[in-house]
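This is what each chain is made of:
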Amino acid sequence: MSPSARADARPFEIIGRQDFSEATFLLEIRHPLMARAARPGQFVIVMSQEHGERIPLTIADFDRERGSITLVIQAVGKTTREMQQACQPGTGLHAVVGPMGLPSPIGPKKKVLCVGGGLGVAPVFPQARAFKEAGAAVIGVLGFRSRDLIFWEDKFRSVCGELILCTDDGSAGVKGTVAEGIRQAIARHPDIEECVAIGPPMMMRGSAEATRPHGIKTVVSLNPLMIDGTGMCGGCRVKVGGQIKFACVDGPDFDGHQVDFDDLVTRLKRFTGQEQDALARWNEACRLPGR
Amino acid sequence: MKKKTIRTIPQRRTPAAEQDPRERVTNFAEVSRAYTPEQAALEAERCLQCPDQPCIAGCPVGINIPGFIQRISGQDIRGAYDVIAATNLLPAVCGRVCPQESQCEGVCTVGDTLEPVAIGRLERWVGDTAIANGWSTVPYIEPTAFRIGIVGSGPAGMACAADMAKAGCDVIVYEAFHLPGGVLRYGIPDFRLPNEVVDAEIRNLEKLGVRFECNTLVGRLFTIEQMLDEMGFDAVFVGTGAGYPTMLGVPGDSLNGVLSANELLTRCNLMRAREFPAYDTPLPLGRRVAVVGAGNTAMDAMRVCRRLGAESVSCIYRRSRAECPARAEEVHHAEEEGIEFRWLTNPVEVLGDGAGGVAGLRCVRMELGEPDQSGRRRPVPVAGSEHDLDVDLVVVAIGTHANPIMGQTSSVKLNARGYIETDEDMATSVAGVFAGGDIVTGAATVILAMGAGRRAARGMKAYLGIRDADAPYRTGGGTFFGIDLAERNFARVRMALS
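Protein sequences, first through last, are from chains E and H. Heads up, this note's numbering is the position in the first sequence plus 7, with the first residue counted as 1. Heads up, this note's numbering is the position in the second sequence plus 861, with the first residue counted as 1.
Keep in mind that a hint or two might mislead.
[Stated by the list, open to error] In silico DSBU-like cross-links for lysine-lysine, where the CA-CA straight-line distance does not exceed 35 Å:
1) E:K118 - E:K139
2) E:K117 - E:K252
3) E:K246 - E:K276
4) E:K224 - H:K865
5) H:K1274 - E:K246
6) E:K117 - E:K276
7) H:K865 - E:K116
8) E:K252 - E:K139
9) H:K865 - E:K252
10) E:K246 - E:K224
11) E:K116 - E:K246
12) E:K139 - E:K246
[Claimed, not checked] If you only want the chain E side, here are some residues facing chain H, beta carbon under 7 Å, derived:
13) G59
14) P106
15) G241
16) V256
17) L286
18) R288
19) A292
[Stated by the list, open to error] Across the chosen pairs, the derived CB separations fall in these ranges:
20) H:D1214 - E:E291: 29 to 37 Å
21) E:P96 - H:E962: 51 to 59 Å
22) E:P96 - H:R939: 50 to 58 Å
23) E:G280 - H:A1292: 47 to 55 Å
24) H:D1214 - E:C293: 30 to 38 Å
25) E:P220 - H:G1110: 28 to 36 Å
No wet-lab data here; the hints were simulated from the structure. We treat Cβ as the ideally placed atom computed from N, Cα and C, and that holds for glycine.
Using the sequences and the hints, build the whole thing.
See below:
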């Protein structure tokens, strides 16, 4: 398909949706070119509507046959809650651009650990699948708050030789964070060569700390605020090994043992005030009759 | 007509009305108002129509400046537009953003004795008049069956697209953002270049048959090599801009209150954060802002901050006013708007407030030493001159590095600094791939990028065997020695015969 052919179709049509919980939902978006180009570890920038902001979302899956990409979104702020309400199959997104960032290097490995926490469970899947396809034995560690928030367990079982589920409340699998699961996995498999950890900053830090004593290379995927995603604005800069890097073009994957997570967390709070403001206004507007 | 002399022409440059500085810092409406037809006619009288025509050589794209001014004098405004449009598709843009004082106006013969002719204002007036009247010059274009892909919809890409469309090629311009225009859209603020002007110029390109495809990140969605090998493009032009902002490289420059001018301007101009919460993108608000750098981008950033309600905005520049690279009019406007200039000052540390924000900027005074490679005197710090400025937002506008995406995704050869290497025809190391603008030269001006785009178009036409496409022609079609005349690559033979 030529790129110009896409202009005839509805731009960035949503062709599927699945709700995992009250806050987390999946959107499948028609974009054959992107499905063909996407590699594990890459992300897109999405604008849900014309007045919207540009938000980076990791590509959770891509299907070259169906010509679609999958995004998993957590409704936490104004934009994502609005998307939760408005994005239904048959509707479209205003803008989707990507795949952005350097693809994760999937080298020949014998045994790897793929760790996903919360929202990071989805984007770690293509990496697990790619490692499996490259011939590695994949051990999965997935963290959720509780049993009823678990999703994609079967998908992971299809690519992971061993899957360790962790829940904060112990309602399924191991009680505790993914760090606990990682410790168990390493205890059983001292020959793990590499770990990929994707999720909230605290979860990625915990994973990196769990692997550090064993000297296992740990790749984390950073998700700072972005505008263009092409290296032009520098808003997504992160500190890695004492150096400034732009997550959009130098990443998003970095060595988890080198990342300054405190700096990342601080930078994620850049616009907290305005974000809360926007959410409050939106909640107010939603309560008005006729909306 | 009686011959004009330096004594008979109007002695003073015709001033353009400007919004009062006190009022304009509260809005994003344009600062300089357009000439009235009477003002334009009066200013056109000041051109001597001198035989040397140094202004044409002073223009990076070689606009026939005396030619269009003469038509203004003759009340033929449409004719004036056609003269400009023959070389420059974007008069309304260039009249506003070109550094005329170092180009056409800087070498104007009248300027030897009096103030130079206000060529920029006249160009803008002609461009605005064309937009208001819906004029566009769409020549008869015969398709050549060549397909051209343009990467980046900024000034370089637009200029190249226009020339290739006029040569009969099928042109698609790819843009990563959701709106086309490049730096004209995300960078230059509305008070200097209104969005409507950019829209109008893009519509003119569309009238030539150019198609824009936004939300397309070339290199990642598909590569330049795929464009040539799989997607059927005969040649590709890369005009992606420099875009990788240089940060300060001093302690504290990763604080939340430090951002690049690119980020500030993109949030404000493209994402319309200034209309938050009607638009969802937030803006970092500073009450006391320091902008580091003194180029056009720095001036834009300072004046944006002023309009967003900052109490004080200062410009921190390590050299003196004489070396300031911004357009003279921008510095003048910034001063009128109450920007405080701290020349010969350099930041050494951004002071934190303990919560990720900025509490101040520690600077040193500089003095000018021996000339450096650029010929400018090198600024050196004055010992013991450290002092703290009370600011809560630091905007960095000290230039850019090469954007790495093309290097990461194609085999196009880069130079040591990461910019794309080209020959004089703007051809890169990959056959069929041309490049121009900031991704070749590093950060420069809109008009230089447009000049590079046009030069690349000439190179492309030579590469494809399209001869003299600036002269539209008609042909009866049919065959020539059994070869279909419409067939591609046949243009050269046909042109040689005609």
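E:K139 paired with E:K246 [C-alpha distance capped at 35 Å]: Cα-Cα ~31 Å, so holds.
Hint check, E:V256 versus chain H [nearest Cβ-Cβ separation less than 7 Å]: holds (5 Å)
Supplied distance hint 51 to 59 Å, evaluated on CB atoms of E:P96 and H:E962: With Cβ atoms ~57 Å apart, the hint holds.
Given hint E:L286 near chain H, where the shortest CB pair must fall under 7 Å: violated (10 Å)
Status of the given 47 to 55 Å range, CB of H:A1292 versus CB of E:G280: holds (53 Å)
Per-residue hint verdict: E:A292, partner chain H, C-beta under 7 Å: violated (10 Å)
Hinted pair H:K865 and E:K252, Cα distance within 35 Å: violated (61 Å)
CB-CB spacing for E:E291 and H:D1214 relative to the 29 to 37 Å hint: Since H:D1214 and E:E291 have Cβ atoms about 31 Å apart, the given range 29 to 37 Å holds.
Proposed proximity, E:K116 with H:K865 (alpha carbon, max 35 Å): Given that 35 Å is the threshold and the Cα spacing comes to 82 Å, the pair is violated.
Pair hint E:K117 and E:K276, alpha-carbon separation not exceeding 35 Å: Roughly 39 Å separates the two Cα atoms, so the pair is violated.
Pairwise hint evaluation, E:K276 against E:K246, where the allowed Cα distance is 35 Å at most: holds (16 Å)
Assessment of proposed distance window 28 to 36 Å (beta carbons of E:P220, H:G1110): 34 Å Cβ-Cβ, so the 28 to 36 Å window holds.
In the structure shown, a violation is registered for the earlier hints numbered 4, 6, 7, 9, 17, 19, in ascending order.
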